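Asker: Using the sequences and the hints, build the whole thing.
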Amino acid sequence: MSAFGGLGETIGGRCARSYTSYVLEARHLLVGIRKLVYVALPQDWIEIDPTAAVEWRPAYSGWKAWSREAMTQFENRWPLGTAARTC
Numbered sequence: 001m002s003a004f005g006g007l008g009e010t011i012g013g014r015c016a017r018s019y020t021s022y023v024l025e026a027r028h029l030l031v032g033i034r035k036l037v038y039v040a041l042p043q044d045w046i047e048i049d050p051t052a053a054v055e056w057r058p059a060y061s062g063w064k065a066w067s068r069e070a071m072t073q074f075e076n077r078w079p080l081g082t083a084a085r086t087c
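First residue of the sequence shown? That's 1 in the numbering used here, and the numbers climb one at a time after it.
Worth double-checking, as some hints may not be accurate.
As the list claims (entries may be wrong) - 25 Å max Cα-Cα, derived DMTMM-like pairs, lysine to aspartate or glutamate:
id : residue 1 : residue 2
1  : K35       : E25
2  : K35       : D49
3  : K64       : E75
4  : K35       : E47
5  : K35       : E55
6  : K64       : E25
To be clear, the hints were calculated from the coordinates, so they are not data collected in a lab. Here the structure is a predicted model, which is why all the values come from computation and not from measurement.
Answerer: Take a look at the structure:
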């Protein structure tokens, strides 16, 4: 039996996957579950924290550099003085 007594199989499959299509939605789901666990642990409703080992931050390798072709295309589309080129 899971930490939530089968609740994860009931709502965790289809419903939870629909909330995790984007990183921010996955983060919000994790925060919500952790708030429930924060209340459930002291009340002895559950014995372990199933979210303890979950890391929400996805792998990040930094910004990708633009290729020369992409830079030329951007500069041709947005001339000097336009909003896109003022930063």
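Asker: The structure should be examined with respect to each hint, and the outcome stated for every one.
Answerer: Going through the hints against the structure:
no. : hint        : verdict
1   : K35 <-> E25 : 15 Å, holds
2   : K35 <-> D49 : 11 Å, holds
3   : K64 <-> E75 : 18 Å, holds
4   : K35 <-> E47 : 15 Å, holds
5   : K35 <-> E55 : 15 Å, holds
6   : K64 <-> E25 : 24 Å, holds
Checked against the numbered hints given earlier, the structure satisfies every one of them.
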